[in-house]
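K.L.:
Following the hints, put chain B in place on chain A, whose structure we already have.
Chain residues, written in single-letter form:
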Amino acid sequence: MAGRAGAGGGNDIQWCFSQVKGAVDDDVAEADIISTVEFNHSGELLATGDKGGRVVIFQQEQENKTQSHSRGEYNVYSTFQSHEPEFDYLKSLEIEEKINKIRWLPQKNAAQFLLSTNDKTIKLWKISERDKRPEGYNLKEEDGRYRDPTTVTTLRVPVFRPMDLMVEASPRRIFANAHTYHINSISINSDYETYLSADDLRINLWHLEITDRSFNIVDIKPANMEELTEVITAAEFHPNSCNTFVYSSSKGTIRLCDMRASALCDRHSKLFEEPEDPSNRSFFSEIISSISDVKFSHSGRYMMTRDYLSVKIWDLNMENRPVETYQVHEYLRSKLCSLYENDCIFDKFECCWNGSDSIVMTGSYNNFFRMFDRNTKRDITLEASRENNKPRTVLKPRKVCASGKRKKDEISVDSLDFNKKILHTAWHPKENIIAVATTNNLYIFQDKMN
Amino acid sequence: MSAESPEPASAEEQKVVYSVIFNLLLIVFQEMEDKVISPEKAEEAKLKARYPHLGQKPGGSDFLRKRLQKGQKYFDSGDYNMAKAKMKNKQLPTAAPDKTEVTGDHIPTPQDLPQRKPSLVASKLAG
Numbered sequence: 001m002a003g004r005a006g007a008g009g010g011n012d013i014q015w016c017f018s019q020v021k022g023a024v025d026d027d028v029a030e031a032d033i034i035s036t037v038e039f040n041h042s043g044e045l046l047a048t049g050d051k052g053g054r055v056v057i058f059q060q061e062q063e064n065k066t067q068s069h070s071r072g073e074y075n076v077y078s079t080f081q082s083h084e085p086e087f088d089y090l091k092s093l094e095i096e097e098k099i100n101k102i103r104w105l106p107q108k109n110a111a112q113f114l115l116s117t118n119d120k121t122i123k124l125w126k127i128s129e130r131d132k133r134p135e136g137y138n139l140k141e142e143d144g145r146y147r148d149p150t151t152v153t154t155l156r157v158p159v160f161r162p163m164d165l166m167v168e169a170s171p172r173r174i175f176a177n178a179h180t181y182h183i184n185s186i187s188i189n190s191d192y193e194t195y196l197s198a199d200d201l202r203i204n205l206w207h208l209e210i211t212d213r214s215f216n217i218v219d220i221k222p223a224n225m226e227e228l229t230e231v232i233t234a235a236e237f238h239p240n241s242c243n244t245f246v247y248s249s250s251k252g253t254i255r256l257c258d259m260r261a262s263a264l265c266d267r268h269s270k271l272f273e274e275p276e277d278p279s280n281r282s283f284f285s286e287i288i289s290s291i292s293d294v295k296f297s298h299s300g301r302y303m304m305t306r307d308y309l310s311v312k313i314w315d316l317n318m319e320n321r322p323v324e325t326y327q328v329h330e331y332l333r334s335k336l337c338s339l340y341e342n343d344c345i346f347d348k349f350e351c352c353w354n355g356s357d358s359i360v361m362t363g364s365y366n367n368f369f370r371m372f373d374r375n376t377k378r379d380i381t382l383e384a385s386r387e388n389n390k391p392r393t394v395l396k397p398r399k400v401c402a403s404g405k406r407k408k409d410e411i412s413v414d415s416l417d418f419n420k421k422i423l424h425t426a427w428h429p430k431e432n433i434i435a436v437a438t439t440n441n442l443y444i445f446q447d448k449m450n
Numbered sequence: 001m002s003a004e005s006p007e008p009a010s011a012e013e014q015k016v017v018y019s020v021i022f023n024l025l026l027i028v029f030q031e032m033e034d035k036v037i038s039p040e041k042a043e044e045a046k047l048k049a050r051y052p053h054l055g056q057k058p059g060g061s062d063f064l065r066k067r068l069q070k071g072q073k074y075f076d077s078g079d080y081n082m083a084k085a086k087m088k089n090k091q092l093p094t095a096a097p098d099k100t101e102v103t104g105d106h107i108p109t110p111q112d113l114p115q116r117k118p119s120l121v122a123s124k125l126a127g
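Chains as they are written, first to last, in full-length UniProt numbering: chain A, 1 to 450; chain B, 1 to 127.
Chain A on its own, in the form it takes in the complex (with noise of 0.2 Å):
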């Protein structure tokens, strides 16, 4: 599992530097935090959201034909307000404007549309480009204003013209009010027509078309808020049975439903838990075994999780321990007295799969990320950092060094930047074509090609 110093993590992938979006100033706005990362189906686009409730999507060109040594750049496609801050007065709740998750559906027509959420409200943008407009209108001059209408002596018919391209976003859905408390997962449904919102105590189900309802289908709030043990962490559709879906809790446990099975899905049909050392018990024990991320496979065999320590791949067929295990920053173990002061203890990393569920990816602290293959068992860490802007350049493998001597090029332990923390990464579907965000800024890597 270890992987040594600079072996190349899958296949020899080779990562280059690519491009980095932001802004460069350590000074960071808080608005300015990217919460959420994410490729469309294609992986043609890719969208940010931010804690100021904002969405950039980017796009990547066409390929040149003459430049066969990269693949096209991705440029910014289309900008937008999607939340506002607001004050639920009743309750005394602030309502954080942060995109918590997007989720991109698969295109059915030449719009792009994706679903967004903030803590309590789900919103479904329609993402269109115009780039014919109409001209020669009878009664109206061209910039609008009506002409006088006796001045009108003979009739034509507008025709089309070209213009320049205009990608317009616009609400098409709005999905409020149906969770108490806040919303950590959104999942379109293979059916293509539902899709399900995750908040720490409930799921529900809901129709694309449809925003004045919601079924709910898990709820694990207990009669007694005093007897509250675990919270819903994430939750997600399996990628191709469309009544199997698995949500994981701050207790370390993956439960998978069927909604077959009943409409309230209390009862799981599976539930994934990797019997504990009780002798290794500690008071971190639960805090770090809480699952922050969970993600199924493109084959919709396998899911992965992430908690604090560690990536875990479980197949779907075992349910009482994980096929394969992968640390990813073991070395903090010893420092959880100082996370938990810190509350570092508390970030809520996610994982990614590649493609063809060969590598598998996830952040951790000082801007580093890390991969691990599957096959090879290689695994490799790299940083996402300004130093290293030539495109085409190889990025150099990083080693933190537990303890003991640090050896030259090492980084020891105490000297890891916990603020610069990577929760959100996101791969390709279908190229090796990663995007990392750091705090407030966004890189592209893409592998070598020769």
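Do not take every clue at face value.
[Stated by the list, open to error] Straight-line alpha carbon distances no greater than 30 Å define the calculated DSS-like cross-link-like pairs of lysine-lysine that follow:
| id | chain 1 | residue 1 | chain 2 | residue 2 |
| --- | --- | --- | --- | --- |
| 1 | A | Lys448 | A | Lys421 |
| 2 | A | Lys421 | B | Lys46 |
| 3 | B | Lys46 | A | Lys348 |
| 4 | A | Lys348 | B | Lys66 |
| 5 | A | Lys335 | B | Lys41 |
| 6 | A | Lys335 | B | Lys46 |
[Claimed, not checked] These stretches of chain A come out as covered by chain B in the derived footprint (C-beta under 8 Å, 3 or more residues):
| id | region |
| --- | --- |
| 7 | 15-28 |
| 8 | 47-55 |
| 9 | 272-285 |
[As the list claims (entries may be wrong)] Sample of chain B residues lacking proximity to chain A, with all beta carbon distances greater than 12 Å (derived):
| id | residue |
| --- | --- |
| 10 | Ala9 |
| 11 | Val20 |
| 12 | Val28 |
| 13 | Gln30 |
| 14 | Met82 |
Source of the hints: derived by calculation from the structure; they are not laboratory data.
Because the structure is a prediction, the values reported are computed rather than measured.
Where a beta carbon is used, it is the ideal one built from N, C-alpha and C, also for glycine.
P.N.:
Then chain B, alone, in the frame of chain A:
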């Protein structure tokens, strides 16, 4: 220095020396074991030393309840009116869960109500 070899220790003396060495080794191994088996437990001990009252109530529920209550700000009409009277243009309260309860200045007044006009400041990712 004399060249003669030291006198062989008596069996009793040997036993004492061996038992002392053995005990010393035991202590060393025990300490090593504690460190090697559970760095987590060592960290837990550190935490308990700093915060002796931590974990005496069921810790799980405390965390969870704090998490569920994120964003809760209790409304006090007196504070609210005082803040209005101050006529200060305040920053929107940060979303980070505060360790102490928040009242007073952090209640938004009509001027800085969160329902402000759409942000005209574009994301720097798009710039």
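K.L.:
Is A/Lys448 within 30 Å of A/Lys421, Cα to Cα?
P.N.:
holds (25 Å)
K.L.:
Looking at B/Gln30 again, its CB stays over 12 Å from all of chain A?
P.N.:
Answer for B/Gln30: holds, closest chain A Cβ roughly 16 Å.
K.L.:
Holds or violated: A/Lys335 with B/Lys41, Cα cutoff 30 Å?
P.N.:
holds (11 Å)
K.L.:
Hey, A/Lys421 versus B/Lys46, does the alpha-carbon distance stay inside 30 Å?
P.N.:
holds (25 Å)
K.L.:
Is the nearest Cβ of chain A still more than 12 Å from the Cβ of B/Val20?
P.N.:
holds (30 Å)
K.L.:
Grab the minimum beta-carbon distance between B/Val28 and chain A and tell me whether it stays above 12 Å.
P.N.:
holds (18 Å)
K.L.:
Over 12 Å from every CB of chain A: does B/Met82 meet that, or does the non-interface label fail?
P.N.:
holds (17 Å)
K.L.:
Can the restraint linking A/Lys335 and B/Lys46 be considered satisfied, given a maximum Cα separation of 30 Å?
P.N.:
Holds. A/Lys335 to B/Lys46 sits at ~10 Å (cutoff 30 Å).
K.L.:
Are at least 3 residues of the region 15-28 of chain A within less than 8 Å of chain B when you compare beta carbons?
P.N.:
holds (count 3)
K.L.:
Examine the region 47-55 of chain A for residues whose CB is less than 8 Å from any CB of chain B, and state whether their number is three or more.
P.N.:
This one holds; 6 residues, not fewer than the three required, reach chain B with a Cβ under 8 Å.
K.L.:
Looking at B/Ala9 again, its CB stays over 12 Å from all of chain A?
P.N.:
holds (39 Å)
K.L.:
Count the residues of the region 272-285 of chain A whose CB lies closer than 8 Å to any CB of chain B, then report whether that count reaches three.
P.N.:
holds (count 5)
In summary, this structure violates none of the numbered hints.
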